[in-house]
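Asker: Next come the chains, spelled out residue by residue.
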Amino acid sequence: MSSGITKTASGGPASTARLRGVAWYQHPRWSRLTAMVAIAVVLTMVTGEQGTDRDIFFALREDFTGPLPWIWLGLCLLVWTVREFWSEPIRKVRRASVAKSDPPVAWVRGQWRGDRRIRQLVLAALVAVAAFAPMGLERYWHQVLVDQIAIYVLLAIGLNVVIGWAGMLDLGFVAFFAIGAYSAAFWTGALPVDPPFELNNFLVIPVAVLTCLIAGLILGAPTLRLRGDYLAIVTLGFHEIVYITAKNVEDFTGGARGVSGVEHFSIDMGFSYEWKLDPLPYYWLLLGFIVLLVFLFMRLEHSRVGRAWTAIREDQVAAAATGVNTVRFKLMAFAIGASTSGIAGVAYASKVGYFNPENFPLLASVLVLAYVIFGGMGSIPGVLFGAAFLVWLPEVLRDYVDPRDRYMYLGALLVIMMIYRPQGVWPSKRRQRELKMATEGTVDGDATAAPAGGKVS
Amino acid sequence: MSTTKLAKEPEGTEPTAAPALLELRDLRVFYGAIEALKGVNLSVREGEVVALLGANGAGKSTTLRTASGMLSPRSGEVLLRGERIDGIKPHNLVRFGIGHVPEGRRVFARMTVRENLEMGAYRFKSPDQDEMDRIFGLFPRLAERSSQLGGTLSGGEQQMLAIGRALMGKPELLLLDEPSMGLAPLVVQQIFEILREINQQGTTVLLVEQNAAQALQLADRGYVLETGTVAMHEEASALLADPRVRAAYLGEIAE
Numbered sequence: 001m002s003s004g005i006t007k008t009a010s011g012g013p014a015s016t017a018r019l020r021g022v023a024w025y026q027h028p029r030w031s032r033l034t035a036m037v038a039i040a041v042v043l044t045m046v047t048g049e050q051g052t053d054r055d056i057f058f059a060l061r062e063d064f065t066g067p068l069p070w071i072w073l074g075l076c077l078l079v080w081t082v083r084e085f086w087s088e089p090i091r092k093v094r095r096a097s098v099a100k101s102d103p104p105v106a107w108v109r110g111q112w113r114g115d116r117r118i119r120q121l122v123l124a125a126l127v128a129v130a131a132f133a134p135m136g137l138e139r140y141w142h143q144v145l146v147d148q149i150a151i152y153v154l155l156a157i158g159l160n161v162v163i164g165w166a167g168m169l170d171l172g173f174v175a176f177f178a179i180g181a182y183s184a185a186f187w188t189g190a191l192p193v194d195p196p197f198e199l200n201n202f203l204v205i206p207v208a209v210l211t212c213l214i215a216g217l218i219l220g221a222p223t224l225r226l227r228g229d230y231l232a233i234v235t236l237g238f239h240e241i242v243y244i245t246a247k248n249v250e251d252f253t254g255g256a257r258g259v260s261g262v263e264h265f266s267i268d269m270g271f272s273y274e275w276k277l278d279p280l281p282y283y284w285l286l287l288g289f290i291v292l293l294v295f296l297f298m299r300l301e302h303s304r305v306g307r308a309w310t311a312i313r314e315d316q317v318a319a320a321a322t323g324v325n326t327v328r329f330k331l332m333a334f335a336i337g338a339s340t341s342g343i344a345g346v347a348y349a350s351k352v353g354y355f356n357p358e359n360f361p362l363l364a365s366v367l368v369l370a371y372v373i374f375g376g377m378g379s380i381p382g383v384l385f386g387a388a389f390l391v392w393l394p395e396v397l398r399d400y401v402d403p404r405d406r407y408m409y410l411g412a413l414l415v416i417m418m419i420y421r422p423q424g425v426w427p428s429k430r431r432q433r434e435l436k437m438a439t440e441g442t443v444d445g446d447a448t449a450a451p452a453g454g455k456v457s
Numbered sequence: 458m459s460t461t462k463l464a465k466e467p468e469g470t471e472p473t474a475a476p477a478l479l480e481l482r483d484l485r486v487f488y489g490a491i492e493a494l495k496g497v498n499l500s501v502r503e504g505e506v507v508a509l510l511g512a513n514g515a516g517k518s519t520t521l522r523t524a525s526g527m528l529s530p531r532s533g534e535v536l537l538r539g540e541r542i543d544g545i546k547p548h549n550l551v552r553f554g555i556g557h558v559p560e561g562r563r564v565f566a567r568m569t570v571r572e573n574l575e576m577g578a579y580r581f582k583s584p585d586q587d588e589m590d591r592i593f594g595l596f597p598r599l600a601e602r603s604s605q606l607g608g609t610l611s612g613g614e615q616q617m618l619a620i621g622r623a624l625m626g627k628p629e630l631l632l633l634d635e636p637s638m639g640l641a642p643l644v645v646q647q648i649f650e651i652l653r654e655i656n657q658q659g660t661t662v663l664l665v666e667q668n669a670a671q672a673l674q675l676a677d678r679g680y681v682l683e684t685g686t687v688a689m690h691e692e693a694s695a696l697l698a699d700p701r702v703r704a705a706y707l708g709e710i711a712e
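Taken in sequence, the protein lines are chains A and B.
Following our numbering, the numbering of the first sequence begins with 1 at its first residue and continues without gaps.
Following our numbering, the numbering of the second sequence begins with 458 at its first residue and continues without gaps.
Calculated directly from the structure, the hints in this document are not laboratory data.
Where hints are given, some of them may not hold.
Unchecked claim - Within a straight-line C-alpha distance of at most 20 Å, the following computed EDC-like cross-link-like pairs (lysine to aspartate or glutamate) qualify:
{"hint": "1", "chain 1": "A", "residue 1": "429", "chain 2": "B", "residue 2": "575"}
{"hint": "2", "chain 1": "B", "residue 1": "627", "chain 2": "B", "residue 2": "590"}
{"hint": "3", "chain 1": "B", "residue 1": "582", "chain 2": "A", "residue 2": "301"}
{"hint": "4", "chain 1": "A", "residue 1": "247", "chain 2": "A", "residue 2": "194"}
{"hint": "5", "chain 1": "B", "residue 1": "627", "chain 2": "B", "residue 2": "692"}
{"hint": "6", "chain 1": "B", "residue 1": "546", "chain 2": "B", "residue 2": "560"}
{"hint": "7", "chain 1": "B", "residue 1": "627", "chain 2": "B", "residue 2": "572"}
{"hint": "8", "chain 1": "A", "residue 1": "429", "chain 2": "B", "residue 2": "572"}
{"hint": "9", "chain 1": "A", "residue 1": "429", "chain 2": "A", "residue 2": "301"}
As the list claims (entries may be wrong) - Pair by pair, the computed Cβ-Cβ distance ranges are:
{"hint": "10", "chain 1": "B", "residue 1": "667", "chain 2": "A", "residue 2": "229", "range": "55 to 65 Å"}
{"hint": "11", "chain 1": "B", "residue 1": "540", "chain 2": "A", "residue 2": "418", "range": "47 to 57 Å"}
{"hint": "12", "chain 1": "A", "residue 1": "366", "chain 2": "B", "residue 2": "540", "range": "45 to 55 Å"}
{"hint": "13", "chain 1": "A", "residue 1": "34", "chain 2": "B", "residue 2": "544", "range": "53 to 63 Å"}
{"hint": "14", "chain 1": "B", "residue 1": "544", "chain 2": "A", "residue 2": "233", "range": "30 to 40 Å"}
Just so it is clear, CB atoms sit at the ideal spot from N, CA and C, and this is done for glycine as well.
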């Protein structure tokens, strides 16, 4: 490559040297510094004075004249310095400790890798912590935990199947959430039309799953030939259809006024229990759903189905040539994602009791997508974390910033994240190497085939 | 579902002669209004290597892709051991013992070499380790790079991987679309030697090639396609000697 530049550049050796050289600011180290400065600015804005409607420069003036920006800048620079200049010594120390087989570290690592039972035990402990830790929180956070975090986590692990594993961009995901919620309302008799017979909320779940499955197939079947952007547009249209239908078919859905009086979950088998207004029992119920689905999906990821999805994501023609039924597996991903969303819908409707079409805006679809990408597409722990963190964030920001600005900071975080860590917080191994290869130029962005007529061994 | 189309070919085949492994009868394939194949007849007998030659746009790849189920013919028949297989989807055809190495190799760029090979055995419950060892034996280069990602391999290695991946499905008939594309002569030679070995180990090969000299040295018989029809069909050695073939596909070689 450099020889080509030497030949074409007319300005002589000095200019070729300039063209060939890498400017200091192009080094990844400095771009990471820029990221840290950006984070410092955002943190200053979050923690500093909030703006007023009358004077738009008030906050800027207040925040960036005092000591606050310097404190944050100092902290961020410290993190950066440690990361850039001391990471090598730290790594060396760690490596040395592992080499010496430092008993606790190496033992733990060995146990984790070697013994399945240990892994299961740790996961069980994590679930137990997740189950009991919220008991110490205030009631407000219980609400957030159920209405927001748990529901969005459910949505995110469903969307992860469609996007992260099968590689299909779905922007209408919340439509299935709406279908699930309206199914719950219909079968518990909360809609203006009466169901043929009323069902217990738990029995609604399979019905809603089936409904969403069918809706997923209806959406999936005509769009299977589409890819990427085109598919995204179609799913967008699907969302709009569901949303407008919910809004306008008043006789059936209650229209814009919404639905009220959806029954709570209840059990009546020998003993009876009803989930009432207290959010904690709902939290445990949803946690149960999440644990169950995560367990199922993890098995799925490493099964033949998961491998077929990976192959389809990589190259559909090659996948078909190796015997993967691409149509069936793409539909399956769609249907599984849709039904997960449906479960979330039933749970949401039963919990809040009242909802209207405005609870299912397009923004929700986009946010779920953002959670999945933020956490790390295709990685279940990443997606769990991404959804939980990004739903939690605006809620804590409520205490610090003008509540109307909350999503602005979320936006800033997403921008910074996508520029500097596009693979997400906790990426799957495969996704990580995909991005690495794309940046190295080994494979194109959407890496289909090898360079035709390209390199020779 | 499409497998129910499988029916014994009632007439036209003599009961005494064993049917060819693959037979294309009067195949007509269209891309929209363009007629890419205008009645192609072709047969591949068990154990053979058959080469399909022709200029760009002659219909070679179309023929191969019709045989592997990626395209379906408007009329005509594709027969495998005398049974009709046209219209069967490619992923189902794999189960009938047809392995397709698509044009442009199309290895799974972000899977390792081993994972690529395992994907090739997708039609089985689990990949056959002996088969994988055999493939690593055929392509020692792949064995060395078994944990490297497909996309980081060189063009020649990717071609080897694509062939190996198709072999993992244990095909009786291997369809290859331009295995020499974009490869250095030495690598092409290596790959053709391996193809000969694969054939000797019992796999029938139908191969589309631009590199007529290499292909005809390997093949038993050859077909020359011109604008969607079979222009010539002879023993490979006869084609190699034919002055018209020499002029059109081998370059005028003065000897």
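Asker: For every hint, state whether the structure bears it out.
Answerer: Hints versus structure:
{"no.": "1", "hint": "429(A) / 575(B)", "result": "holds (18 Å)"}
{"no.": "2", "hint": "627(B) / 590(B)", "result": "holds (13 Å)"}
{"no.": "3", "hint": "582(B) / 301(A)", "result": "holds (16 Å)"}
{"no.": "4", "hint": "247(A) / 194(A)", "result": "holds (18 Å)"}
{"no.": "5", "hint": "627(B) / 692(B)", "result": "violated (27 Å)"}
{"no.": "6", "hint": "546(B) / 560(B)", "result": "holds (18 Å)"}
{"no.": "7", "hint": "627(B) / 572(B)", "result": "holds (16 Å)"}
{"no.": "8", "hint": "429(A) / 572(B)", "result": "holds (14 Å)"}
{"no.": "9", "hint": "429(A) / 301(A)", "result": "holds (13 Å)"}
{"no.": "10", "hint": "667(B) / 229(A): 55 to 65 Å", "result": "violated (34 Å)"}
{"no.": "11", "hint": "540(B) / 418(A): 47 to 57 Å", "result": "holds (53 Å)"}
{"no.": "12", "hint": "366(A) / 540(B): 45 to 55 Å", "result": "holds (51 Å)"}
{"no.": "13", "hint": "34(A) / 544(B): 53 to 63 Å", "result": "holds (58 Å)"}
{"no.": "14", "hint": "544(B) / 233(A): 30 to 40 Å", "result": "holds (31 Å)"}
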